[in-house]
Amino acid sequence: MRRLALLAVCTLMLSGCEDQLQLTVEAAKKGVASAFKDPEAVQFADFTISADGKRACGKLNAKNGYGAYVGYESFGAALQGRGAELTVTDVKLETQEWEEYTARFKPTVGDEMRGQEGIKRRLSCK
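Throughout the sequence shown, residue numbering follows our numbering, covering 27 to 152 in sequence.
Because the hints were derived from the structure by calculation, they are not lab data.
Each hint should be verified, as a subset may be incorrect.
Said to hold, decoys possible - Capping the alpha-carbon separation at 16 Å, the derived lysine to aspartate or glutamate pairs in EDC-like fashion look like this:
| hint | residue 1 | residue 2 |
| --- | --- | --- |
| 1 | LYS85 | ASP45 |
| 2 | LYS56 | ASP116 |
| 3 | LYS85 | ASP72 |
| 4 | LYS63 | GLU111 |
| 5 | LYS80 | GLU99 |
| 6 | LYS85 | GLU111 |
| 7 | LYS56 | GLU111 |
| 8 | LYS89 | GLU111 |
| 9 | LYS56 | GLU66 |
| 10 | LYS89 | GLU66 |
| 11 | LYS85 | GLU99 |
| 12 | LYS63 | ASP78 |
| 13 | LYS89 | ASP78 |
Claimed, not checked - With beta-carbon atoms standing in for the labels, derived distance ranges:
| hint | residue 1 | residue 2 | range |
| --- | --- | --- | --- |
| 14 | ASN87 | ASP116 | 32 to 42 Å |
| 15 | ASP116 | ASP64 | 17 to 27 Å |
| 16 | GLY93 | GLN46 | 33 to 43 Å |
| 17 | GLY93 | ASP72 | 17 to 27 Å |
| 18 | GLN46 | ASN90 | 30 to 40 Å |
Yeah, the Cβ is synthetic: ideal placement off N, Cα and C, and Gly gets one too.
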């Protein structure tokens with residue numbers, strides 16, 4: 027009985043972490059997309075949030091002024107807060123600025139975690 031209670035407590039704790047992860051990923055994507063002309067049309071690939079939660083990296087595909095997608099480009103974004111309280115303070119696309127931006131960060135953990143609904147989150151931005 028005691029083991030069952032311990033298992034139940036551990037399961038509840040882990041599900042709380044998963045919900046927090048889901049909220050953080052959704053808020054980060056929404057914040058990054060808001061930097062573009064048509065935020066609802068932004069598509070993400072290889073979306074990653076660093077282990078410290080202070081940056082997001084990946085690839086995105088956004089529409090240009092004519093309404094056509096321009097192709098996936100690497101991006102980096104600075105984050106503040108966690109979960110639903112997360113805000114995106116800076117978004118950089120793959121340019122010389124991008125190289126300078128990403129050079130400041132080094133990977134800390136190479137493992138991957140899978141969140142709810144198949145969201146993949148690496149623990150470090152490259």
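Verification of the hints:
Using a Cα cut-off of 16 Å, the hinted pair LYS85 and ASP45 is violated, with the two alpha carbons roughly 23 Å apart. Proposed proximity of LYS56 and ASP116 is supported: the alpha carbons are some 13 Å apart, at most 16 Å. Between the alpha carbons of LYS85 and ASP72 the distance comes to roughly 6 Å, so the proposed pair stays at or under 16 Å and holds. Proposed proximity of LYS63 and GLU111 is contradicted: the alpha carbons are some 23 Å apart, above 16 Å.
Only pairs whose Cα atoms come within 16 Å are accepted, and LYS80 paired with GLU99 is rejected, the gap being roughly 20 Å. About 23 Å separates the Cα atoms of LYS85 and GLU111, which puts this hinted pair outside 16 Å; it is violated. For a cut-off of 16 Å, the pair hint linking LYS56 to GLU111 stands: about 12 Å separates their Cα positions. Our distance criterion of 16 Å between C-alpha atoms is broken by LYS89 and GLU111, whose separation comes to about 27 Å.
A hinted pair counts as satisfied when its Cα atoms are at most 16 Å apart, and LYS56 with GLU66 qualifies at roughly 9 Å. Restraint check for LYS89 and GLU66: satisfied, since their Cα atoms lie roughly 10 Å apart, inside the 16 Å limit. About 5 Å separates the Cα atoms of LYS85 and GLU99, which keeps this hinted pair within 16 Å; it holds. Distance check on the hinted pair: LYS63 and ASP78 sit about 29 Å apart at the alpha-carbon level, beyond 16 Å; violated.
Using a Cα cut-off of 16 Å, the hinted pair LYS89 and ASP78 is violated, with the two alpha carbons roughly 31 Å apart. Between ASN87 and ASP116 the CB atoms are about 20 Å apart, so this pair departs from the stated range of 32 to 42 Å. At roughly 20 Å, the beta-carbon separation of ASP116 and ASP64 lies within the given 17 to 27 Å, and the hint holds. The beta-carbon spacing between GLY93 and GLN46, approximately 36 Å, falls within the hinted interval of 33 to 43 Å.
The hinted window of 17 to 27 Å between GLY93 and ASP72 holds, with their beta carbons roughly 25 Å apart. Roughly 35 Å separates the CB atoms of GLN46 and ASN90, a value that falls within the hinted 30 to 40 Å.
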